[in-house]
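Build out the structure end to end from the sequences listed, making use of the hints.
Protein chains: 2
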Amino acid sequence: MVRAKAHKWVYYFGDGRAAGKAGMKDLLGGKGAGLAEMTNLGIPVPAGFTITTEACVEYFRVKKTFPKGMWEQVLADLRKVERSMKMGFGDAEAPLLVSVRSGAKASMPGMMDTVLNLGLNERTLQGIIKKTGNARFGYDAYRRFIGMFGSIVLGIKREKFERQLENKKAERGVHHDTELDEDALKAVVADFQALVKAETGKPFPQDPMEQLTLAIKAVFDSWYGARAVTYRKLNNIPETWGTAVNVQAMVFGNMGETSGTGVAFTRDPSTGERRFFGECLLNAQGEDVVAGIRTPLPIEALREKVPSAYRELLRVYKTLERHYRDMLDLEFTIQEGKLYMLQTRVGKRTAAAAIRIATEMAKEKLIDRETAILRVDPEQLDQLLHPMIDQSAKVRIVAKGLPASPGAAVGKVVFTAEDAERAAAKDEHVILVRTETSPEDIGGMNAAQGILTARGGMTSHAAVVARGMGKCCVAGCSAVHVDESAGAFTVNGVTVRQGDFITLNGSTGDVILGEAPLIQPKLSKDFQVLMGWVDQTRRLRVRANADTPHDAKVARGFGAEGIGLCRTEHMFFDVERIRAMREMILADDVDGRQRALAKLLPMQKSDFLGIFREMAGLPVTIRLLDPPLHEFLPHTEEELAGLATDMGVPLEALRAKNKSLHEFNPMLGWRGCRLGITYPEIYEMQVRAIFEAACELAQRKVKVLPEVMIPLVAHVKELSRIKELLIRVAHETMTRYGKKIAYTIGTMIELPRAAIVADEIAKEAEFFSFGTNDLTQTTFGLSRDDAGKFLPFYVDNGILPRDPFVAIDQEGVGSLMQMGVEKGRSTRPKLKVGICGEHGGDPSSVEFCHRIGLDYVSCSPYRVPIARLAAAQAVLKNSKKKRTVSDTR
Amino acid sequence: MVRAKAHKWVYYFGDGRAAGKAGMKDLLGGKGAGLAEMTNLGIPVPAGFTITTEACVEYFRVKKTFPKGMWEQVLADLRKVERSMKMGFGDAEAPLLVSVRSGAKASMPGMMDTVLNLGLNERTLQGIIKKTGNARFGYDAYRRFIGMFGSIVLGIKREKFERQLENKKAERGVHHDTELDEDALKAVVADFQALVKAETGKPFPQDPMEQLTLAIKAVFDSWYGARAVTYRKLNNIPETWGTAVNVQAMVFGNMGETSGTGVAFTRDPSTGERRFFGECLLNAQGEDVVAGIRTPLPIEALREKVPSAYRELLRVYKTLERHYRDMLDLEFTIQEGKLYMLQTRVGKRTAAAAIRIATEMAKEKLIDRETAILRVDPEQLDQLLHPMIDQSAKVRIVAKGLPASPGAAVGKVVFTAEDAERAAAKDEHVILVRTETSPEDIGGMNAAQGILTARGGMTSHAAVVARGMGKCCVAGCSAVHVDESAGAFTVNGVTVRQGDFITLNGSTGDVILGEAPLIQPKLSKDFQVLMGWVDQTRRLRVRANADTPHDAKVARGFGAEGIGLCRTEHMFFDVERIRAMREMILADDVDGRQRALAKLLPMQKSDFLGIFREMAGLPVTIRLLDPPLHEFLPHTEEELAGLATDMGVPLEALRAKNKSLHEFNPMLGWRGCRLGITYPEIYEMQVRAIFEAACELAQRKVKVLPEVMIPLVAHVKELSRIKELLIRVAHETMTRYGKKIAYTIGTMIELPRAAIVADEIAKEAEFFSFGTNDLTQTTFGLSRDDAGKFLPFYVDNGILPRDPFVAIDQEGVGSLMQMGVEKGRSTRPKLKVGICGEHGGDPSSVEFCHRIGLDYVSCSPYRVPIARLAAAQAVLKNSKKKRTVSDTR
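Keeping their order, the protein sequence lines are chains A and B. For reference, each letter of the first sequence is one residue, going 0 to 888 in numbering that gives the first Met the number 0. For reference, each letter of the second sequence is one residue, going 0 to 888 in numbering that gives the first Met the number 0.
Calculated from the structure, these hints are not laboratory results. Bear in mind that the values here come from a model prediction, so they are computed numbers and not experimental data. Yeah, the Cβ is synthetic: ideal placement off N, Cα and C, and Gly gets one too. A portion of the hints provided could be inaccurate.
Derived contacts from chain B toward chain A, CB cut-off under 10 Å, selection only [what the hints assert, rightly or not]: (1) TYR223; (2) GLY668; (3) HIS714; (4) GLN776; (5) SER814.
Straight-line alpha carbon distances no greater than 25 Å define the calculated PhoX-like cross-link-like pairs of lysine-lysine that follow [as the list claims (entries may be wrong)]: (6) B:LYS876 x A:LYS658; (7) B:LYS876 x B:LYS347; (8) B:LYS604 x B:LYS722; (9) B:LYS304 x B:LYS79; (10) B:LYS876 x A:LYS788; (11) B:LYS716 x A:LYS788; (12) A:LYS822 x B:LYS822; (13) B:LYS658 x A:LYS788; (14) B:LYS598 x B:LYS399; (15) B:LYS216 x A:LYS658; (16) A:LYS62 x A:LYS79.
Structure representation (structure tokens):
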């Protein structure tokens, strides 16, 4: 990188003119670009300059020396700042002080602290004191500067400065820094200087130019500091970016009653209401707001105290919002009645506020509808769709588990699924607390308000089922020790007994003692408006994973356009049904199995009747039996004995059956279509139930669109074999009823092999549905139930960017999906392709599904709106390459 | 398919001239092509003609009518046959009888039977009787014809004819068909005719032309018969081929003492010795040889009885062998002193014979060396490398399990690994019998002569380990019920007690009571010669999977060119070591683990010293710890209690540890590099042991080439993280010894994701080794330990062509491998790639590895010669596309 002599390393801003602008974030960093933009808009900003990220990169290239010409440009721009501020850097009379701050392209919080008050020394200190007439202010500013410079630039441990300050407070018998008087602060300055001498062997640098040089280098060097390196690794920020450095004239909000400081939002960040909103402190510095010693005033307080500055602030915020076309977060300081803006950036907001701001700004023609859609974070919507704990309430949090399924729930503790069902029958609210759940607990989980487990991750049984049900769940809360026999659990020293009330916050993982007050969500009109735009924009269809008529109804309410996954096995765990299921499993031959299945047929049919009715006119994808048979048998010796008595079979036979069905790796075992091929009578019963239900509804003019889905196909011959059976049974049934039902037959793509030979499989399959849970497990060779020992470590240490069970691993699993889509459509161009894994409700995964050309995503009912929004954003993000959203983001 | 009028459907052969030839197997089928070729060679073949496979295809296309012109051509060729044989079809004086046989391109045994003696009716029967002067012969021929035609062509159940024949024998008080006299046979003919009338409503067809028409159609129709369809499905034979029909003049070997019939081989099929070898019967038909009523004579018996025919036969066999350049299997009939050849095809042979024939034919310049290499079936070599049961011995087979590891073993039954080790210490031969084995049994398995398990498939723990050890194993013998506490097992009603002798045949799966006599293998000089040619031909290197110095030595003896997989975990199961291993697992922190690992270091180092010494100068790939930790802990409550006492830890703590390590799907759990990343101290110890051993040997001038292999990598960052640690420890160690060892670091590719992102992984890996066992498990989502419930059904029913754990599933798993190789070399062109799964010893898989450009295969020591041969054949099969091997194959 040989650069011409005239290369520009430094960008000045001040007095209404800046060399940079908002669009130059790559070069100037977020902060520098914002300062330049404000300056250009004629907004009062203390003069300063930004040293570019290029300079940082070049600095490292030339072995930590300033790039050629940079220092000269710094000096030139410093002169301009002096002129603008009418002060001199190092001047004894009117000394210019500056702040030095890093500012990378992306916000990297905590990467590096700020050095304030740079330019102070023994001489300029006296100038400040003389000019302000406030010696305490002067010494306070000086000791702060030595402390910051000493720790950040000279590398002395911050604690050493703090200890000296503490000593001084102890000596003076005071508690707060503010209570130290001029003398005390003067002594602290002396102590700090002595500390610097002792630690570095040299006195504290008195030359302001030396101070500036060292501070700029320290900011550059911080780019490779441990914190920054880690942060970049975790956030995938390229090392090549470098950081910019902002040098800006200091202004002070603590110079009397016409000075002050504050933060403000251009609209209400909680509700989105269009009103100026903020807080301020008079005669104070930004640090004081953070320290929380004084209670800030509402921003309106400025109206009386410093009316002209307030009027100016109103003008500024309106200008900025109109300019950036987004709700902004502003930082300002008023020095002796004069307003200075120090920062502008897009403001954080709640989901409700995001929706209101986006729709209102669109109506105000500030932004277009597409931009409005992009302004709401789909993940944030989750807040709106579940009951929440009233944030104003004081609650006692006793432990934190994984936020496995959002929302909140209050109820009495129960420890068994049966107790939960009994309580629900009496209309009692309960929380089911278990070490871990199993499929037999489904009924109890459904009956409970929420589920708390001691073991299992975000994709454990409890978590997956709860999310499917839209039910609050805190999982893997390892502090909880369940002692079912004692009817209690202990958690961090507290014992909670059966019948005691607890509250769960499934959005945060909090476990709370007692009954916390809940707020029910209501979907605002703005929400409906936005979703209307969303639905006009998206290409992907959004379906729901629903196993019951209730789920189907909820899903339809949230805008689901069909069911993408109806799991038939959950239906079998009902008390009455599991008995017939077990009879089937224990039967020794086809005849015995068929007898037991005949009992299940009417029950299964009634499920389908309910679901089809709720989804009238919309497609319903029904997955035939998937889990291994041993999931339906009890496992403890005691339960087995009970079952033996109950069913009138010898315990020994039951034990033997249980043992013979045991699997080392059930995930990779005798399940899915492997069951359907070896015991075809099971699928036969299921298909009969589907078509009997469909025909009966057709007789009543209800439109039913069943899509029969075969799970765990690895080889096309598995599919073709089952398809034969299926078509035969479907046609027999339809002939019997004299009805014709339009139906399709397809398959899950949930094994790597299926994706690889998708061209073959598509010859037999009319649709594909990616089962990305299992596909992720097999592609990674990673059991989600067992990953707890290393997967969190992997994510924390940046070995994997994200939990692949939450967001699709696009590089690995995603490649297989893309291959599956392309190969599948190579032999069947009109192949319908969807996804029904948990990922169907994750925004980044939805975008990926859009990009690879899927027809629909299917997710839990409560995530349907999230998926709809993500699908619309996917269109916008991918249609015009990267759309320009406001540049301050 | 509109055909010109002149299209040729029928190919004549007779009198030294045939329209077809050997190369026309697609059109004439194997049998027809052989008959044509012999005719053209001037060899006496009864005249006849072949109706082409094209005619069969066209027959079905035109709705089961003969293709236009076919019947006319049949009639024309039938006239030629009449002229050649000087007889007339349907002629009352000199009636021509013909056989009608199917003959597809590939041999399809049992697809359809033969119709003999076609042309017989009441009139021609009399002609035959008059001509032969043998009325019994005539009636016997007629009743056979009616029976065959009735069942095959007219579709009457064969059993009905047999029942009538049985009735007649009972009536006459005789046991064998041959004991029925003329009168009885005449009565049988009448009975058969009545049966045909009763079943079809029509008399037995008397018109020979009608007989011929119906027989040809029946042969065509048999192409879609149930047996043929199933056979084709199982053997991947396309439906589109169709079958040819051979119509040939009958000759009779049962027309007196100068007639006879026989089968012969041009060389000895057992030893390969170059001598004419065969058996014959005088005055007999082929059927009589099969029936086994009379004991056949050695072929030399013909020399005296029919000298001219014998001389002719010698001339014929020499001509044919020289022509086909292979050992042939011949069928002939001598009718009244005149020799007729009825069939020629390549003869089946033992492995020893195959090798001898191939090498001798090459020395005789009959074939070239390349052809010689292709003439030996690699899989067959297995016979030669293990002890075998003397086939002449009478043995009592009580059950059949899976032939999990070949060879044979005799020993006393023991039920525990400890008993096996104790017995071995006393030089006793034992067979270890267990329900299933676990890694703790390794010592006992090694001490035993053979292993018998009641559960587990071809790739169960017992099977995999036994094959690795080259030790006989019969696995998954479900008839065996082990009652360890009683010290006995029962098998099909027999109780076998500890200490009783049994014999296992690991090549067939037989379980034999008592001590069967064994034959030790010796590798012939011919074998060495052939393997010399093989090694000059192959491109793939062949390594062995070996975990001990003993295995390494055996492997080198079999020609291994290095170790492709040295599993370090087997070393930890030794009594003394497992204690330290368990200490490591039970430790609560890094320090505790390091203390325990320090005890393992010298032991592990001594293993490496031994292995490196045996493999001096050759590369040794060492895989770092792979299995989940719970494999090293005992599982029963009793064993746990013992361990607790032994190690002085509370039982409760041990139980808790065991529980916390439990995994739902251990195959997909906390294992491989996931252990190495979370507990880096384990890999650190292992790498230190490797490099200390290597350095110490380097000091003694032993050349060591270690290749360190990281298991279960899914993401490149796993590899790069471990690699850092590894390089650091290696260099520390080398620096300490002042030695420089050339080493490489690579990874297993055993997860689909690894293959998909192989380009990324290859940036860090210097070599890849495909772990196709696990890759198959994850690609199919198929646990090899649990597949027993459906995988055999899948293979039996043609859902999968072969067990994917035996032969690489090229379409699925193979695609991933190919992707892995291509992507890997896209970023590291010189990437070394091998395979170390069980498939490395399977010939079809070796060929696949050759085709996709692997550098080496690695297999169990005893399969090294098989892999070498397969590798050479892969070169030959793929270099000149398909080489022309003799066409009769």
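Which numbered hints does this structure break? Numbers 1, 6, 9, 10, 14, 15, 16, in rising order.
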